[in-house]
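As given, the protein sequences belong to chains A and B, one line each in that order.
Per my numbering, the first sequence starts with residue 1, numbered consecutively.
Per my numbering, the second sequence starts with residue 1, numbered consecutively.
None of these hints come from the bench; they were simulated from the model.
Be aware that one or more of the hints could be misleading.
[Unchecked claim] Listed below are the simulated DSBU-like cross-link pairs for lysine-lysine, each with C-alpha atoms no more than 35 Å apart in a straight line:
1. A:Lys64 <-> B:Lys19
2. A:Lys107 <-> B:Lys2
3. B:Lys220 <-> A:Lys86
4. B:Lys139 <-> B:Lys9
5. B:Lys2 <-> A:Lys111
6. B:Lys19 <-> A:Lys86
7. B:Lys409 <-> A:Lys111
8. B:Lys17 <-> A:Lys72
9. A:Lys178 <-> B:Lys2
10. A:Lys15 <-> B:Lys2
11. B:Lys409 <-> A:Lys132
12. A:Lys72 <-> B:Lys139
13. A:Lys85 <-> B:Lys139
14. B:Lys220 <-> A:Lys132
15. A:Lys24 <-> A:Lys85
16. B:Lys19 <-> A:Lys169
17. A:Lys126 <-> B:Lys409
Spelled out from the first residue to the last, the chains are:
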Amino acid sequence: MELTLDHIVKNFGEKQVLRGISLKAESGRALGLLGRNGAGKTTAIRIVMGVFPADSGQVLLDGKPFDRNRVKIGYLPEERGLYPKKVISEQLVYFGELRGLRTAEAKRQAKALLERLGMEEYLNKKLETLSKGNQQKIQLAVTLINDPDIVILDEPFSGLDPVNAMLLKDVVREQIAKGKIVFFSSHQMNYIEEFCDEIAILNRGNIVLNGSLRDIKRANRRGQILLDSPELERVNRFVTEHCAELTRKTERQQGGLPVTLRNPEQKNALLRALSEANLELDRFGVYEPSLNDIFVRYTEEGI
Amino acid sequence: MKQFSKIFKFEFLNYLKNKVFLVMTIAIMVIIAGVLTVPALLGTDGQEDTPASAENRPVIAVLENDQTQGTAEFLAQALPAFAVEKTTEPEESLRSSIQQGDYAAVLVMRTPLSYRYIVDSMGMFDTTQQQVDAVLVSKYQIDAMQQAGMSEQEAQGVLTAQTTPEVVVIGTSQMQSFFYTYILILLLYIAIILYGQFVATGVAAEKSSRAMELLITSAKPESLMFGKVMGIGSAGLLQMALILGSGFLFYQLNASYWQGNMIVRSIFGMPLSMLLYTLLFFVLGFFIYAFLFGALGSLANRSEDVNTLVLPVTMLFVVAFLVVMTSMGRGTFDSPLMIACSYIPFTSPMAMFTRIAMGSVAAWEIILSVAILIATTIGVGYLSAAIYRIGVLLYGKPPKLSELFRILKRSKT
Chain A
1 MELTLDHIVK NFGEKQVLRG ISLKAESGRA LGLLGRNGAG KTTAIRIVMG VFPADSGQVL
61 LDGKPFDRNR VKIGYLPEER GLYPKKVISE QLVYFGELRG LRTAEAKRQA KALLERLGME
121 EYLNKKLETL SKGNQQKIQL AVTLINDPDI VILDEPFSGL DPVNAMLLKD VVREQIAKGK
181 IVFFSSHQMN YIEEFCDEIA ILNRGNIVLN GSLRDIKRAN RRGQILLDSP ELERVNRFVT
241 EHCAELTRKT ERQQGGLPVT LRNPEQKNAL LRALSEANLE LDRFGVYEPS LNDIFVRYTE
301 EGI
Chain B
1 MKQFSKIFKF EFLNYLKNKV FLVMTIAIMV IIAGVLTVPA LLGTDGQEDT PASAENRPVI
61 AVLENDQTQG TAEFLAQALP AFAVEKTTEP EESLRSSIQQ GDYAAVLVMR TPLSYRYIVD
121 SMGMFDTTQQ QVDAVLVSKY QIDAMQQAGM SEQEAQGVLT AQTTPEVVVI GTSQMQSFFY
181 TYILILLLYI AIILYGQFVA TGVAAEKSSR AMELLITSAK PESLMFGKVM GIGSAGLLQM
241 ALILGSGFLF YQLNASYWQG NMIVRSIFGM PLSMLLYTLL FFVLGFFIYA FLFGALGSLA
301 NRSEDVNTLV LPVTMLFVVA FLVVMTSMGR GTFDSPLMIA CSYIPFTSPM AMFTRIAMGS
361 VAAWEIILSV AILIATTIGV GYLSAAIYRI GVLLYGKPPK LSELFRILKR SKT
C-alpha cells in the first residue's frame, strides 16, 4: 500500500498552516514527519485522519481517494486522552468495537496487547489510577487494538521515559516488519534516526527536505572530514598552520576534529599532507552529519 | 448502525454502572414507598381534627335580652362542637372570665341580627364567629318563616334544601385530571432538563479528557451523537419507569388506605393514555433538548463551562414550563398562547401535553404537533452532530453563534 498526500493546503483563517505539501508513505517503511513546534505536523496528520478537510489537495491510498472506512487505521492523536474513570479493558474493547472488531476479538486483542506492553496487571484497573507514562502505553494499546494496516502516530515519544521509549520503538519496528504503513511525527531526532527509513522535514507549512534518511545524510556531508588522534592538539595545529589552502574551518570537538574542506575533492590531498607530516591518526573519515544537524540547518534557514 | 449500537450500549451501561445514579434511583424509590406506606401503617387517615370530647369543649357564653330569647338554645343545637351557656352576668365580669380562660367567647346579644362578640385573641383560622353568624342568620330566617305560618321543620327544610345532581363530563374533567397532570408536567420538566444536562456534561467530559479526537476518528459523529443521546435517554426512561412503577406498586399495596384521599386517588387513577402521552412527549422533548445540550456541551472546554453554555436552552425550556404552569393556575388551556406553544417544537412537548390532559384537542392537532416536533428533532439532531463534529476540536474560547454558523457553512462546502 502507498499513502500519498498530494499538494495539501490548509489555512486557519488568515494563517497559512500547510502550503501545498506532498508526501508518500509506503508499506513496510516508516515515514517520520519532522518539524518544529507549530510547523504543521499535527494539522497534516489530522487531515490524513479526516478530522478536518484540506482546503485543497487530496489524500490518496494506492492512487485512489483515501476511504477511511475501508482500511484499518490506528491513530495516536497528539491530544492523548481516554475515559479516566473507566476500567482499561472496557475502554480497549469499546474502541476495538467502534473500529469494527467483534467483542470477543476485541477482548482477545486487548489482552494480547497489554501483555506485549507489560501491562497485563492493569487490565481491570481504572485508567486514572495509572501513572502518566503507563497511560501513554494504554493509549498505544488503543491505537493498535484493531491490528491496523496504517499506523499514524502523532508525537509518540513525548512523555515516555527511555525504557518505555525503547519499548515503543520495538513495537513500532514490529509494525514495520509486518508490512504496515507507519507514519509519525516527532521533533525528537535521536529516536527517528534509529528506525526511520524516510523523513520529511516540515518548516512553516512547506516540506523543505524529503527522502530516505541515508541519502539525505550522504547528500549533506558537505565536504567535512572527521579526524581523531591520540595527539589531537598537534594535529589541530598542523591542519590550521600548514593546510590553510585546503581547509576552511577546523574546530576542536569532543570525540574528534571535524575539518571542513574548501573543496570536497581535496580529501586525498589532506590525507597525503597528514601522512607526510607523520602524525599518528586513529581516524580519518567522512563526517556524517547527524539528523539533528540537518534538522537544525533546514529549519533555521527557513526563518 | 453497528457503531451506533455499540455507542448506545456503552453510554447506557455507563449510567447503569454509575453508583451515584443507582443510589439516587433507589433512594427516590424508597422515599416514595415510605410516603405511601408509612401513613397507612400508622393508621391516621389524614383527618387530624378529632371531635372534642364533651368535657373540654370550648365554652361560648350568651348574654340574652328580651328581644333575643332562645338564642343560646338554638346555638347549642346548631354548634355541637361548643358548649353554649346562657349567662346573666354583666358584661364587665364576663370580660374578666374570658381573660381567666373560663369562656372561649362571649356573645352579648342586642337584636336578633346584632351582637357583640368578645374573645381574648383571635386565631388566623378561627371561624367560630362566622359559624355563629351563620347560625344567627338561619335562626332569624326560621323565626321569620314561622311567623309567616310555616312550621319549624318546614322552614328548616327550605333553608337546607339540596339538589341531587348527576354530572356527565363529555370532554376531560379538569377537576380529576388536574393533580396527575400537574405531577406529569413536573416529571416531564425534571426529566428533560436533568437527562439533557447529562448529555451536555457527558460530551464536555469526553472533550476535557481529550478522548474526543480518538472518538471522532473511530466513529461517525452522527453515531456518536445519536448513540449518546439514546443511551442516556434510555437510562433516564428506565429510571423514570422504576420510580413511577414503585409509586404505583406501593399505592396498590396501600390502596384501601388511600381511597379516602381525593388527591392521591386522582394521581394514581390517571388513565393509561396519559402515561403513554407522557412517554411520547418525554421521548420527543428529551431528544430535541438533548441534541441541543449535546451540541452545546461540545463547545465547552471544561465541565464547568457547560452550565453557562446551556443556559439559553435551559431558559427556553423554563419559559415553556412557566407558560404551561400559568395556564394550569388560571385554568385556561386553549388560550392563543397555549395553542401557539403547542405547535412550537421547543415548547410543544409540555404545552401540547397539558392541552391533551386538561383542554380539548382534536386528534389532528396532536398529530400535527407531534409531526412538527419529530421533523424538527431530526433536523436539530443532524445540525447538532455537525456542530459537535466541529465543536469537539475547538479549544479555547467557545465560539459565538454567528462564528459557529460560518464554520458550519464552510465545512459543508
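Status of the hints after comparison with the structure:
1. A:Lys64 <-> B:Lys19: violated, 49 Å
2. A:Lys107 <-> B:Lys2: With Cα atoms ~17 Å apart, lysine 107 of chain A and lysine 2 of chain B stay inside 35 Å; holds.
3. B:Lys220 <-> A:Lys86: Satisfied, since the Cα-Cα distance of roughly 22 Å is no more than 35 Å.
4. B:Lys139 <-> B:Lys9: Measuring from Cα to Cα gives roughly 76 Å; hence the hint is violated.
5. B:Lys2 <-> A:Lys111: holds, 23 Å
6. B:Lys19 <-> A:Lys86: holds, 13 Å
7. B:Lys409 <-> A:Lys111: Measuring from Cα to Cα gives roughly 44 Å; hence the hint is violated.
8. B:Lys17 <-> A:Lys72: Holds, because 31 Å separates the two Cα atoms, which is no more than 35 Å.
9. A:Lys178 <-> B:Lys2: Holds, at about 29 Å.
10. A:Lys15 <-> B:Lys2: violated, 39 Å
11. B:Lys409 <-> A:Lys132: violated, 39 Å
12. A:Lys72 <-> B:Lys139: violated, 97 Å
13. A:Lys85 <-> B:Lys139: Measuring from Cα to Cα gives roughly 79 Å; hence the hint is violated.
14. B:Lys220 <-> A:Lys132: holds, 29 Å
15. A:Lys24 <-> A:Lys85: violated, 39 Å
16. B:Lys19 <-> A:Lys169: Distance of about 40 Å is beyond 35 Å: violated.
17. A:Lys126 <-> B:Lys409: Given that 35 Å is the threshold and the Cα spacing comes to 40 Å, the pair is violated.
The earlier numbered hints that this structure contradicts are 1, 4, 7, 10, 11, 12, 13, 15, 16, 17.
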